[in-house]
Amino acid sequence: MMNSGATLTRAVKKLLCGMDNVVDYIDDLLIHTETWEAQVNYSSAFRRPTLLQERAYKSLKVAVTSKPVLQLPDVNKRFVLRTDASNRGLGAALMHGNEGTLFPVAYASKKLTDRVIKYSVTETEALAIVWGVKKFSLYLHGTVFTLQTDHGALQFLNAAKFDSPRIMRWALVLQVYNFDVQYIKGSENVGADYLSRIE
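Residues 172 to 370 (this note's numbering) are what the sequence shown spells out, left to right.
It is possible that some hints are incorrect.
[What the hints assert, rightly or not] Distance windows between CB atoms, simulated:
no., residue 1, residue 2, range
1, M190, N247, 36 to 42 angstroms
2, R340, L201, 41 to 47 angstroms
3, M339, K289, 17 to 23 angstroms
4, K356, T178, 39 to 45 angstroms
5, E225, M190, 20 to 26 angstroms
6, L179, V211, 24 to 30 angstroms
It should be emphasised that the hints constitute simulated quantities derived from the structure, not laboratory data.
A quick note: this is a predicted structure, and the numbers were derived from the prediction, not measured.
Cβ coordinates follow ideal geometry from the N, Cα and C atoms, glycine included.
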C-alpha cells in the first residue's frame, strides 16, 4: 500500500480527464468557474445522493462492520474451511465458531486460467481445496480443522485412491495438514459458492 496515494491520484486524474474547471488535490476536488451562476450550474451536474441512498449506504456500512460479517481469528476455536469451484473460479471461506454457529474469519476467490478451465469437475473442486488450504495455511498449519465441501467424491480425500495423478499429487500436498473432510449440501456452502462465481 506504499503507492496507494499515487494510485488514487492517477485514477482520479483519469476519471476527471476532459472535465474543464475541475482540479483534484490529494482526495479533494475543486470545481472553479468565473461566476456564481456558472458555479451553481456546473455543480448541479454532479448528482447528490438521495435520502434513500444515504440510508442504504449507512445500513450497509453498519452491516459490514458488525458481527457476524468478519471476526478476528481465535486459535482456541476449531477452524472450518469451506471451498467450492465453478467454471469461472475458486472460492474459499475460513470460519470458526462455537455452539453450532459459524462466523467468517476470511474470504478468498480466484479466477480460473484457461488451462485450469479444462480440468474435470472433480479436479477443479480438488484444486479449490488445495488452493484454499494453502491460502489460509497461516491459520490452518499445525491445527486440527474441518474441511467442508459440497462435492461428494472428495469427502474421502484423506483415504481414497483417485485415478487422476493430479488429484493424487494434491492429496500428497495436503498430508502435512491435520483435517477431517465433511460433506455439506450445496445450499449450505453459500459463501464459498458465491466467491467461486465472481467475475
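Hint check:
1. M190 x N247: 36 to 42 angstroms: Distance hint for M190, N247 is violated at roughly 54 angstroms.
2. R340 x L201: 41 to 47 angstroms: At 58 angstroms between Cβs, range violated.
3. M339 x K289: 17 to 23 angstroms: The hinted range 17 to 23 angstroms holds for M339 and K289, with Cβ atoms some 19 angstroms apart.
4. K356 x T178: 39 to 45 angstroms: 42 angstroms, holds
5. E225 x M190: 20 to 26 angstroms: Holds: the Cβ-Cβ distance is about 25 angstroms, inside 20 to 26 angstroms.
6. L179 x V211: 24 to 30 angstroms: 28 angstroms, holds
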